[in-house]
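There are 2 protein chains.
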Amino acid sequence: MAVKWWGWGDPDKTYDLTHRPAAWPYLQAKLGVRDEVQRSPVALDDIQLPSSRLDAAVLEALTEVGCSTRGQDRISHAYGKSYRDLVRVRAGHVPNPPDAVVFPTNEAQVEAVLALAARHGFAVIPFGGGTSVVGGLEMPADRAERPFVSLDLARMSALIEVDPVSMTATAEAGIMGPRLEELLQAQGVTLGHYPQSFEYSTLGGWVATRSAGQQSTRYGKIESMVVGLRILTPAGVLETRPVPAASQGPDLNQVAIGSEGLLGVITRVTFKVHARPPRQDYRALVFPGWAQGQAALRAIMQSDRRPATLRLSDQAETRALFKLREASKPSAWKAWGQKAFGWYLSRMRDVHMEDACLLIMGFEGDPEQVDQDRDWCVSLCELQRGVSLGHAIADRWYASRFDLPYLRDTMLDRGVMVDTLETSGLWANVPAIYEAVIKALEGAISADGLDPLVFCHVSHPYAAGASLYFTFAARQQLGQELEQWARYKRAATDALLAAGGSLSHHHGVGIDHAPWAREVLGDQGLAWIKGVKAAADPDDIMGPGRIIGS
Amino acid sequence: MAVKWWGWGDPDKTYDLTHRPAAWPYLQAKLGVRDEVQRSPVALDDIQLPSSRLDAAVLEALTEVGCSTRGQDRISHAYGKSYRDLVRVRAGHVPNPPDAVVFPTNEAQVEAVLALAARHGFAVIPFGGGTSVVGGLEMPADRAERPFVSLDLARMSALIEVDPVSMTATAEAGIMGPRLEELLQAQGVTLGHYPQSFEYSTLGGWVATRSAGQQSTRYGKIESMVVGLRILTPAGVLETRPVPAASQGPDLNQVAIGSEGLLGVITRVTFKVHARPPRQDYRALVFPGWAQGQAALRAIMQSDRRPATLRLSDQAETRALFKLREASKPSAWKAWGQKAFGWYLSRMRDVHMEDACLLIMGFEGDPEQVDQDRDWCVSLCELQRGVSLGHAIADRWYASRFDLPYLRDTMLDRGVMVDTLETSGLWANVPAIYEAVIKALEGAISADGLDPLVFCHVSHPYAAGASLYFTFAARQQLGQELEQWARYKRAATDALLAAGGSLSHHHGVGIDHAPWAREVLGDQGLAWIKGVKAAADPDDIMGPGRIIGS
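These protein sequences, in sequence, are chains A and B.
This note's numbering puts the first residue of the first sequence at 1001, with every later residue one more than the last.
This note's numbering puts the first residue of the second sequence at 1001, with every later residue one more than the last.
Check before you lean on any hint, since a few could be wrong.
[As the list claims (entries may be wrong)] Covered by chain A, per the in silico footprint, the following chain B stretches (three or more residues, Cβ under 8 Å):
#	segment
1	1054-1068
2	1361-1375
[Claimed, not checked] Per label pair, the in silico range of CB-to-CB distance:
#	chain 1	residue 1	chain 2	residue 2	range
3	A	1355	B	1066	53 to 61 Å
4	B	1144	A	1523	29 to 37 Å
5	B	1538	A	1057	35 to 43 Å
6	B	1276	A	1391	31 to 39 Å
7	B	1115	A	1398	55 to 63 Å
8	B	1276	A	1395	50 to 58 Å
9	A	1390	B	1326	53 to 61 Å
10	B	1178	A	1390	34 to 42 Å
11	A	1057	B	1443	51 to 59 Å
12	B	1538	A	1120	43 to 51 Å
13	B	1280	A	1367	43 to 51 Å
14	B	1144	A	1486	36 to 44 Å
Note that these hints are calculated values from the structure, not bench results.
Every value quoted in this text rests on a predicted model; they were computed, and no experiment measured them.
No residue lacks a Cβ here, since even glycine has one placed at the ideal position from N, Cα and C.
Whenever a hint applies, use it, and build me the whole structure from the sequences.
Here it is, written out as structure tokens:
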């Protein structure tokens, strides 16, 4: 599947602002963009790559596995899709791409690559869909001299088995989201895992990074879907026995899950599947404020009812989402109706759109259960003065839910930095984490003399707490983009950890978050992970520097 | 709290067969007991203990922590409550008790004990409620020469905090089940964790062994309840950050959970709590056979409805449970009603009590949800020809659900071996695991020329599979009790592993299951656990030999 080497997703697709007349004027005003800039990625052919450091004998041995040293393959495997990655690749700054990209077709070939790595001293970085946003695919700068190959699992992408009795399925790790769902749904089942990267990410990548999908409230995060897996480490294979639950020591699945390529190559996963839900019901609500919306989410998650999706935007994100709407020419009647509804909201329900917080709430399952759960959850929202807006907004969100990453490319073309970061915390800590991160980002951007745009949504609520997903934007400081970004990232990460948040809820640690790993995991936590690493990968072949740093 | 040193639970309580007139004749006939025997535990004072191997200076240092070398303390900390343990302790066979029992009151004292252990070379085995049934509390025979202390957490038993916003609570690990629930329920919440050992086991013990409660279908196994914990290892403390979910590398909670004292001492746990359920509804049903009952459980667990308890007995267990009923003198009307109902079951519903399988199905939660879920689940049962028996049998089960362990003492008094073992597997494997274990146990017991009584129930069903809990009984081969038991245990464990089961669903590995750990975890799995062990406990102080063997 062709993907942009310099941006997100389908090369033929852009996030077009021309159909969204309010968007750019809004962003211009918010970000203080006066001088329009137009910046384009360098041409692929203009990127100067260092030549591969692997010697001819090694490359020949790798060729038996399927190996490329073509420039485009090395470039497209050099980075993930973070803001930092895109700034570098668009500028043609690729000083340390993989020395080769290998495409094994089976486990024996993966083992052959690991054996060659042990013998010749190069490192191996597993590659799924290439959508990491935490530096999960590159060699850390302090190990730049080490040759390495990117091990792309694209050719290990078979659905091996669906077990309709146990409602589990087994697939090779390299299978992409759409293909996996296509094959599963042809057999009447679904995994139900739809991260925003769904179209371009893989089963193995989800497992390696503890991914979360947009319906996680119903289907769980990926770590709760896995019942067994195979991971090939340099020291041998670990295959966990697929059972629904067990008491046989530490849970080794939960060590391999989230290992981010540090321990080995996840080649095969057995996971729970579900009957395709006969009914989906997605609707939007507005709350008079952020606190009320959070209270409703908490009440729902601490009840026995279970939506599939709960996504609550703060005031600033709600305003931004409405500005990003596509143009439509409402009929005079519809325009009048919208106006009347706005009057009703503000006069009768005391919900003022400028302070309102938008909730997308979705249900999936058997029709009777969906209806009961929805009515119950709507009631809990109404107790917090939430007002239903019906299906239209939610259905638009659902239809375009994988599109937002494209907007970043459009912004980069115009000299605007946009990045996201996320965390999670107990409900008791959520308000403080929220305040701390907003303040840290706005403060750091303002300190650069720039106008900040920072907003947030709750994307994955639980009974005990929630994840918070922040977006921050500012004009780029041209020529200083990475330093600029690093300041904001540092300020936000320091702030969220100090307020009790996790280092990440579903993006992972990678290289980017590794500097904070000791703070959040502690000396013992790092020592435990290093202990497993020493057992699985005594020669330090796998994924140098991720999670545990250098 | 006083507990029997030679048996289960409350010293003043026995499982009295005189009120159960059908029980003993049934067991006599089943087990071929012709010559009644009467066997009693030795007197406590008659047990000869080796003297403590710790020198005076060490004992003096331990005394500052709170330390006992009294015979009764050493005996009551020498074993858990497995059949093997009770056979030994009743015979006065306690050749290797702890050299001292320490009772720290705080973490500093735990650290002091670990530091002394490192300095003086003795080992430390953590002790919660002492109800291990897998040899979790003793020194393995091949390390018998190593001095060790039993570290009893009974004095670290405070409920530290209830967070009503996040619906979490934090408690010290040594708190016992009843006290924990008493304190939580006083604040309107519950943990909802009721293992059969509930009355005599601790929070820390549950976490260390991956315990499962009788309402696990609603509240989860203990590993899904924990949001954070503290574990003191010889190399330092690991405190995991309490968050609802995260993506920050391997899940270290899930390494500490199930570590069974191998890595360190769990001192503090933060866990989810739930509002006390306003309604409980427990009822019994019968199915015409085992396959129909399993099909109903699978249908329920793969639906969106969620009971609290699902406990399905096979035919043999159903028969045995009815034989264990207390005597009652039904009125003539009631007797006639029972007879008529039996006629209705067999003639109209084709359910014959001699082949019937009993299901206990319980619901907890808000009344509306309980009613809806119950009606739905009863319908799914009816599709499998299940027939509701109403509340009485289920309420009796509920009221006496912690009593069954007492029966083993009564059986031991009469020269009868009774033990249980459990496993878990995917639904696709459940029938094969069941058949294999029944056949292995019946075969091994018959090969000794004895009459076997073997039965089973599904105690913890999941969407993907279930746990199977087996009970096996036979006449004791007097003087050969341990060898006899070991043959049956070995046959059953070999069989369940070969059929795809887990080594244990909720009892753990301990010493007893460690010989099979390599088969089920693989070389890499063991190597990973040893890697963590080397990081946490480089001098091998903690829990020698459990899980990973020697």
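Hints, verified against the model:
1. 1054-1068: violated (count 0)
2. 1361-1375: This one holds; 4 residues, not fewer than the three required, reach chain A with a Cβ under 8 Å.
3. A:1355 with B:1066: 53 to 61 Å: Roughly 58 Å apart at Cβ, these two residues keep to the hinted range, so it holds.
4. B:1144 with A:1523: 29 to 37 Å: Given range 29 to 37 Å: holds, Cβ gap about 34 Å.
5. B:1538 with A:1057: 35 to 43 Å: Holds, at about 40 Å.
6. B:1276 with A:1391: 31 to 39 Å: Holds - the Cβ-Cβ distance for residue 1276 of chain B and residue 1391 of chain A, about 37 Å, lies within 31 to 39 Å.
7. B:1115 with A:1398: 55 to 63 Å: holds (58 Å)
8. B:1276 with A:1395: 50 to 58 Å: At roughly 39 Å between Cβ atoms, residue 1395 of chain A and residue 1276 of chain B fall outside 50 to 58 Å, so the hint is violated.
9. A:1390 with B:1326: 53 to 61 Å: holds (59 Å)
10. B:1178 with A:1390: 34 to 42 Å: violated (50 Å)
11. A:1057 with B:1443: 51 to 59 Å: Given range 51 to 59 Å: holds, Cβ gap about 58 Å.
12. B:1538 with A:1120: 43 to 51 Å: At roughly 32 Å between Cβ atoms, residue 1120 of chain A and residue 1538 of chain B fall outside 43 to 51 Å, so the hint is violated.
13. B:1280 with A:1367: 43 to 51 Å: Given about 28 Å between the Cβ atoms, the range is violated.
14. B:1144 with A:1486: 36 to 44 Å: violated (58 Å)
In summary, the structure is inconsistent with hints 1, 8, 10, 12, 13, 14 from the numbered list given earlier, while agreeing with the others.
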